[in-house]
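**Q** Okay, here's what each chain looks like letter by letter:
Number of protein chains: 2
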Amino acid sequence: MNIILLSGGSGKRLWPLSNDIRSKQFIKIFKTEEGSYGSMVQRIYRQIKKADPAADVTIATSKAQVSSIHNQLGEQVGISVEPCRRDTFPAIALATAYLHHVRHIPADEAVVVCPVDPYVEDSYFEAIKKLGELAEKGQANLVLMGIEPTYPSEKYGYIIPEDQGLVSPVSTFKEKPDLETAKAYLRQGALWNGGVFAYKLGYVLDKAHELLDFTDYQDLFCRYDTLTKISFDYAVVEKEPDIQVMRYKGQWKDLGTWNTLTEAMGESIVGQAMMDEGCKNVHIINELGVPVLAMGLTDVVISASPEGILVSDKEQSSYIKPFVDQIDQQIMFAEKSWGSFRVLDVENESLTIKVTLNPGHRMNYHSHRCRDEVWTVISGRGETVVDDIRQEAGPGDVIVMKAGCRHTVIAQTELKLIEVQLGQEISVHDKQKSELP
Amino acid sequence: MNIILLSGGSGKRLWPLSNDIRSKQFIKIFKTEEGSYGSMVQRIYRQIKKADPAADVTIATSKAQVSSIHNQLGEQVGISVEPCRRDTFPAIALATAYLHHVRHIPADEAVVVCPVDPYVEDSYFEAIKKLGELAEKGQANLVLMGIEPTYPSEKYGYIIPEDQGLVSPVSTFKEKPDLETAKAYLRQGALWNGGVFAYKLGYVLDKAHELLDFTDYQDLFCRYDTLTKISFDYAVVEKEPDIQVMRYKGQWKDLGTWNTLTEAMGESIVGQAMMDEGCKNVHIINELGVPVLAMGLTDVVISASPEGILVSDKEQSSYIKPFVDQIDQQIMFAEKSWGSFRVLDVENESLTIKVTLNPGHRMNYHSHRCRDEVWTVISGRGETVVDDIRQEAGPGDVIVMKAGCRHTVIAQTELKLIEVQLGQEISVHDKQKSELP
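Protein chains in written order, with our numbering: chain E, 1 to 437; chain G, 1 to 437.
So that you can see chain E by itself, here it is in the shape it has in the complex:
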């Protein structure tokens, strides 16, 4: 099975856990069977591999997410990197071209496209396998998954099937309705459109060549920023007469808001927190190293991260976006492919951060024009390279780097250091990469 997982952009609706560089699919919030916490993307990837150990998974995403994906899923997973955001049709065309021209998947093999962030049970992936098989049979150009609605939702698009069979031709598509219309749809036997569909690779490749001017994957990649933003639904689905829908009945949740996300959490507290007996339907997610205490609250979500603290009535939390848009603050925490960093202190002419390097990893060899830096290694072992000179590094070692000096650290074991940046203009953009000698 070939699967393209669409990994969407920055989500502010789960602030302070999601932000411009950390999308909701990377938040570790779901208790795994081993007792640790996993993210949406880790959960879905494990579910796919459980349904089909041989599944070929490609994640279509932006450059900003590549580090997080490698960090959470390992280096093996396929990634189709969009050079910039151009909506779902260009993204799916690019990923499809990638599968064909880079991964050499033949044109008659089926591909399933699925968002990376639904919260589903394992049977969903059995259904996805089946969707791929239907596409491969070629009875229709597109096979969609239609989710049996559990209530007349105003948040989803609807698919009206021609009949009540497990697999049926699609009669028509409907946009997000109001409540009364949604109720009417349900009476007609309509299904939710969860954005999951399958096709033969060649079908979308042909559509791409029809609509976009390119030769192969590499060419499409280079022209990507010239493409018009257009959704796959608008460019392909709505114009295609030959579409089937396959019903899926099972748990399917879109965890887009704190309200729906907390419903999916197995426990009410993640992180260091306490609540009194007066708390009803309260969820606390605390990524900080200090305790949260909640008393006498009802229907409230509390979320604390290095970026900030949200305390919200659960219903109200879906209106978070305009408030978060007002917050203009530097990124306080980020996962990178080599590890992570966290801002500890911000002053006018200094910035103190904690850097954690994963074993065997290193940061880019780089220098800064306008700031000096001081490293104090606090744990782990590794090697520093400063202006091409290599030296062993371990706890207590102090490395002073003046502006212009090239530097990196290579971790043998997990290595942590405190970095103090000093300068009148400290900016994330002041970074010149070099080749490590």
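Where hints are given, some of them may not hold.
Copies of the same chain look alike in the list, so a pair counts if it works inside one copy or between any two.
[Stated by the list, open to error] In silico DSSO-like cross-links for lysine-lysine, where the CA-CA straight-line distance does not exceed 30 Å: (1) K155 / K28; (2) K280 / K155; (3) K50 / K31; (4) K155 / K63; (5) K354 / K402; (6) K280 / K12; (7) K354 / K431; (8) K416 / K402; (9) K31 / K183; (10) K354 / K336.
In short, the hints are calculated from the structure, not lab data.
Given the coordinates of chain E, assemble chain G onto it according to the supplied hints.
**A** Same frame as chain E, now just chain G:
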């Protein structure tokens, strides 16, 4: 006017702003006329000086608070340091002996004793002046302030006066009543006992010599840890037949819980925070450098500090103590006479803190047995002394101190540094002080 302000112990009921080393009276939460924020102790001190610029103020407190008091009120204020906590009678006896033997206040001058933490209007201090004048006239051995109740409170003790005059003999004292009893007291014209009283210095000094075995202040100080814990009410007030009460009608609030404290706040937000229009009667006090966002909450207090985060229904917040007692965490922030420190990062074998030194101040000259330290100066100018060698220090300077090495930093301007502590056993008790050469 001689005033003894009783500055009580560590309060957990305003966690996370108050803790074992930071009492509620030092929290900067009240907007001053100049637009900055002041603490309870700063507010009351300013009010006293406004009522009587010549007032001689002595703060009776524990050693742990001396730094905070000097930091907030300056070095001039008189402090009677209790070597250990022994309840109010020994504390008042010690402070009275201090006034007589150290400050040479004659025995026939009046002294007014007042808690450091009531939230009152300026007229309260006019009343206190009057209380002192009544005591000096000597018509009674003790003159108490009786606060006109605004509601039948169950939280306060009551004074039943013999008549309705401004100044009246006391008929009897009553412990904290239940609601019905409180209502009955109010019908009898009872007054709240706010713990404010005046006496001639010699009266309490005589009582002290009667009940405690000591010669003078220095002797009492040395014997202090052998004294029995006993309250002034129990030891003196309840046994004294010759007591007057003076009525006070005006704002008087005991800011002991988040509920009462937030009522006294001039504005609903202190620190970096936003709330949506759905928030009703919400107060946010945020000492962290990241934003708090509150949505759709009613009657809630949110308080965030380096020690932790409280989110509580206001009524419920008065039951905080048992929860805070469960929190066993190192102190994350402290004000010292020389400045302040804040813990930025805690690891098994390292601790990173930010140290801020006030201009002209220095920390003790000291060493550690079991840890190395690295300083990176991030702002300001000063001088370091390391194993008796003095050196200028400014932004970017890095000082490495191995275990056993004596060190301090003397700030010329406000000086900030990042200190990384490294060792297998990092403890606040591992500190050996030396004389600065």
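**Q** If a hint holds in the structure, say so; if it does not, say that too.
**A** Against the structure, the hints:
{"no.": "1", "hint": "K155 / K28", "verdict": "within (25 Å within a copy, 46 Å between copies)"}
{"no.": "2", "hint": "K280 / K155", "verdict": "both (26 Å within a copy, 28 Å between copies)"}
{"no.": "3", "hint": "K50 / K31", "verdict": "within (17 Å within a copy, 60 Å between copies)"}
{"no.": "4", "hint": "K155 / K63", "verdict": "within (29 Å within a copy, 61 Å between copies)"}
{"no.": "5", "hint": "K354 / K402", "verdict": "both (19 Å within a copy, 22 Å between copies)"}
{"no.": "6", "hint": "K280 / K12", "verdict": "both (26 Å within a copy, 24 Å between copies)"}
{"no.": "7", "hint": "K354 / K431", "verdict": "both (18 Å within a copy, 26 Å between copies)"}
{"no.": "8", "hint": "K416 / K402", "verdict": "both (21 Å within a copy, 20 Å between copies)"}
{"no.": "9", "hint": "K31 / K183", "verdict": "neither (35 Å within a copy, 54 Å between copies)"}
{"no.": "10", "hint": "K354 / K336", "verdict": "both (13 Å within a copy, 26 Å between copies)"}
When each numbered hint is compared with the structure, a violation occurs for hint 9 only.
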